[in-house]
Amino acid sequence: MTEGSDIKDAELIERARFDVSRFTPIFERHFSTIYRFTARRIGPELAKDVASETFVVALTRLESFNSRHDSALPWLYGIARNLIRNHQRSERRKLQFMSRLRAQQSIEEDTGDSEDAVSNDAVTGAIEQALNSLSPSKREALLLFAWDDLPQAEVARIQGVPAATVRSRISRARKEVREHLARSGQYWDESSDFVKLEEPTDRHGG
Amino acid sequence: MADELDIIRHVAADFTPSDETVAFARDRLAEAMAAEGASRRRRPTFRLALILGPVLIAGSAIATIALGWFPNPVRQAEGTRSVVGTPAFLRGVSADAFTWSAYGYQVENGLSCLEVVLTEAAELVGSIRGCDPASASSEFSYVVGGFETTPGYKQVLFGAASEAVVAVRATSEDGQEYEDRPQSGVWMVIPNTSSTTWTIRALDASGALIASAKVTDGDNPSALSRSGGGGTHG
Numbered sequence: 001m002t003e004g005s006d007i008k009d010a011e012l013i014e015r016a017r018f019d020v021s022r023f024t025p026i027f028e029r030h031f032s033t034i035y036r037f038t039a040r041r042i043g044p045e046l047a048k049d050v051a052s053e054t055f056v057v058a059l060t061r062l063e064s065f066n067s068r069h070d071s072a073l074p075w076l077y078g079i080a081r082n083l084i085r086n087h088q089r090s091e092r093r094k095l096q097f098m099s100r101l102r103a104q105q106s107i108e109e110d111t112g113d114s115e116d117a118v119s120n121d122a123v124t125g126a127i128e129q130a131l132n133s134l135s136p137s138k139r140e141a142l143l144l145f146a147w148d149d150l151p152q153a154e155v156a157r158i159q160g161v162p163a164a165t166v167r168s169r170i171s172r173a174r175k176e177v178r179e180h181l182a183r184s185g186q187y188w189d190e191s192s193d194f195v196k197l198e199e200p201t202d203r204h205g206g
Numbered sequence: 207m208a209d210e211l212d213i214i215r216h217v218a219a220d221f222t223p224s225d226e227t228v229a230f231a232r233d234r235l236a237e238a239m240a241a242e243g244a245s246r247r248r249r250p251t252f253r254l255a256l257i258l259g260p261v262l263i264a265g266s267a268i269a270t271i272a273l274g275w276f277p278n279p280v281r282q283a284e285g286t287r288s289v290v291g292t293p294a295f296l297r298g299v300s301a302d303a304f305t306w307s308a309y310g311y312q313v314e315n316g317l318s319c320l321e322v323v324l325t326e327a328a329e330l331v332g333s334i335r336g337c338d339p340a341s342a343s344s345e346f347s348y349v350v351g352g353f354e355t356t357p358g359y360k361q362v363l364f365g366a367a368s369e370a371v372v373a374v375r376a377t378s379e380d381g382q383e384y385e386d387r388p389q390s391g392v393w394m395v396i397p398n399t400s401s402t403t404w405t406i407r408a409l410d411a412s413g414a415l416i417a418s419a420k421v422t423d424g425d426n427p428s429a430l431s432r433s434g435g436g437g438t439h440g
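Chains as they are written, first to last, in our numbering: chain P, 1 to 206; chain B, 207 to 440.
None of these hints come from the bench; they were simulated from the model.
Please read these numbers as outputs of a predicted model, since none were measured by experiment.
Idealized CB from N, CA, C, for every residue including glycine.
Hints may contain errors.
Examples of chain B residues toward chain P, derived with CB under 8 Å [to be verified]: (1) Phe221; (2) Arg234; (3) Ala238; (4) Thr325; (5) Glu329; (6) Glu354; (7) Thr355; (8) Gly358.
Model the full assembly from the supplied sequences, consistent with the hints where possible.
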């Protein structure tokens, strides 16, 4: 339990405006989530910097938090999202998806399990191609929904669009991914359904 | 059977920060907290010269609404409650789904304040204000601040202007230039860039320079008295 664990984020942030030490529980509550969010998009090494920078920026912009919302998480996602964008602009890098299978592959290569590694690489490649083929707004909506488990209403807040727009973006994104994967021929069953994926061997411990 | 959403979820790596990563971030935040805490303790009274003549004339009809919008905790913490009846709407600027509304009012300790309120679809996002003794005089004053919103950082440059000031020109460090003609004694620019450093020039009717200033948003947030947003003043 962290200090102020029974106090809502909004109240802690209001207090932090006059006593910055009150911001500490916000970090303890949300750092892992923000780190996960950034690591999946730009990799763990860069995520270390971007996730920590997110909280520094948040601290210096406490007044920009909309106190009508109880949770600080959407606000922190928004800051992290902008930092990721700035980083990608400055680095001119294509979005890199850090998938479970890629992370697992490196472990399997280390352990000599090359057959699984090749299979995993094919899966990762197909998914990454499918995701990279989406428009940025559709891809972001889909990944916030699928990877970060955010309800569509929160995705809408982060993207600054109506919930109906998010529903449409996710629906279209799913359709495009489905079609892309079908064209790849690896995951499409003749009965017009996707084949069941093998459960991953979670040897990298999360 | 798995569908495409299951597949996407299936490949999401569950990154967990290492103890070293958490310690790194915690140390970095602690440094920032020390700096920010010291900065907030040093925060001076915001010195914004206001031309209050037009303030008290214009827009008194919506003073009640304005009073309701001003966040009270900050005002009470500073011991500067607004004087009932003085808030007046001065001007508004809309950009995208956001509306910036400038209000002027007096507070109990004699200060005169200019406050800009940002709303998104009628929902309050926050406000930035500056106050200074009513006896202060200047041809124009300036504030740069902004708010972190879902689409990104929304910046505003605003201030008071005397009748002699016909135009205010704001130039960002990356060369973008904006010009505004003051209305009701208030000038306001909503830039499309979130440049941190601005050069602001007040011009008279002949285009001659009355005064200029260089102001930075973000480097010294302690200099801004506000109930929302961030930035500095001149």
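Hint by hint, here is what the structure shows:
1. Proximity of Phe221(B) to chain P holds as hinted, the smallest CB-CB distance being about 4 Å (cut-off 8 Å).
2. Among the interface hints, the one on Arg234(B) holds; its C-beta lies about 5 Å from the nearest C-beta in chain P, closer than the 8 Å criterion.
3. Given hint, Ala238(B) at the interface with chain P, holds; its Cβ is 4 Å from that chain's nearest Cβ, closer than 8 Å.
4. Nearest Cβ of chain P to the Cβ of Thr325(B): about 11 Å, over the 8 Å cut. The hint is violated.
5. Because the closest C-beta pair between Glu329(B) and chain P is about 7 Å apart, less than 8 Å, the hint holds.
6. A cut of 8 Å between beta carbons decides the hint on Glu354(B): the least distance to chain P is about 4 Å, and the hint holds.
7. Using the Cβ-Cβ criterion of 8 Å, the hint placing Thr355(B) at the interface with chain P is satisfied: the shortest such distance is roughly 7 Å.
8. Nearest Cβ of chain P to the Cβ of Gly358(B): about 6 Å, under the 8 Å cut. The hint holds.
Violation of the numbered hints given earlier is confined to hint 4; every other hint is satisfied by the structure.
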